[in-house]
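Engineer: Numbering (the numbering used here), first residue to last: 1 to 238.
Worth flagging that the hints you see were computed from the coordinates, not collected in a lab.
Ideal Cβ positions, reconstructed from N, Cα and C, are used throughout, including at glycine.
Treat the hints with care, as some may be off.
Heads up, simulated DSS-like pairs for lysine-lysine below, C-alpha to C-alpha not over 27 Å straight-line [as the list claims (entries may be wrong)]:
1) Lys57 x Lys207
2) Lys57 x Lys212
3) Lys57 x Lys19
4) Lys73 x Lys83
Derived DEER-like restraints, expressed as beta-carbon distance ranges [what the hints assert, rightly or not]:
5) Asn216 x Glu69: 16 to 22 Å
6) Lys73 x Asp191: 32 to 38 Å
7) Lys38 x Glu208: 37 to 43 Å
8) Glu165 x Thr14: 32 to 38 Å
9) Val189 x His92: 38 to 44 Å
10) Ile61 x Asn187: 35 to 41 Å
11) Lys202 x Asp140: 18 to 24 Å
12) Pro160 x Lys202: 24 to 30 Å
13) Glu208 x Glu152: 18 to 24 Å
14) Glu97 x Thr173: 19 to 25 Å
15) Ile100 x Glu215: 44 to 50 Å
16) Glu162 x Asp140: 15 to 21 Å
17) Lys202 x Lys38: 18 to 24 Å
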Amino acid sequence: MSKFQFKEFLIEQTGAEMKVSTDACILGAWVKPSKNVKNILDIGSGTGLLSLMLAQKTTAIIDAIEIDELHYKLCLHNCETSKYSSQIVVHHTSILEYKINKETKYDLVISNPPFFENQYKSPISRKNISRHTLNLTYLDLISCIDALLNEEGYFYCLLPIESIEKFIKIAKTNYIYCIEKVLITKNLVEDCKRVILGFSKKEIEKKESIIKIYENYPSLEFSSLYVNLMREFYLDKN
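When you get a sec, could you build the whole thing from the sequences and use the hints?
Structural biologist: Right, dumping it as structure tokens:
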């Protein structure tokens with residue numbers, strides 16, 4: 001699918017390695033920025049999906065960081081042609097370069113990062129950058145969060161379930177604490193493959209929850225939680 005139409009914006013994704021996915025949409029919908037959020041950082045913005053979802057929910061200024069040239073151009077196009085263009089600034093750079101001279105501390109940081117570490121890699125190098133931790137390791141990402149998140153801020157990301165304990169451990173070693181864990185599953189908890197993690201620089205009691213996409217998979221009847229979560233974004237969720 002070359003285009004994905006949401007209620008408030010359009011995602012052009014022709015040629016994108018990382019197209020609109022259910023998991024990414026759930027991440028963008030799940031994160032609920034407070035009214036006090038003034039600035040947001042989207043690390044690895046891809047086609048601009050998360051930036052646009054958060055722009056729809058806030059009046060914050062959003063910096064979208066994308067290293068890949070094609071994804072940067074798609075993100076720039078999608079943001080500039082949306083009604084949220086004045087809120088989003090798209091940067092063609094790596095987050096490691098971006099943090100060097102950036103003095104701004106963000107109220108909220110969000111990322112759907114490259115997360116495969118040892119799996120079989122594609123012969124397409126651009127796909128590897130998008131999907132694997134080649135140019136941005138977990139430690140690199142946490143170091144950027146440490147540098148760019150303010151003391152009262154929150155960081156949310158999406159990871160495969162097999163990587164979360166390692167990521168949480170690396171974060172804690174750098175005084176970034178997991179405060180929320182959300183399992184995403186089609187129906188059964190044991191079938192969970194993706195997890196939303198929330199972090200803070202303050203160590204507080206961790207919340208845990210589950211998002212079931214379907215009521216009784218393989219039946220394709222969506223769960224009420226999923227329908228309510230996506231209502232303000234998907235065209236068919238009224």
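Engineer: Where does the structure disagree with the numbered hints, that is, which hint numbers, in rising order?
Structural biologist: 5 and 7
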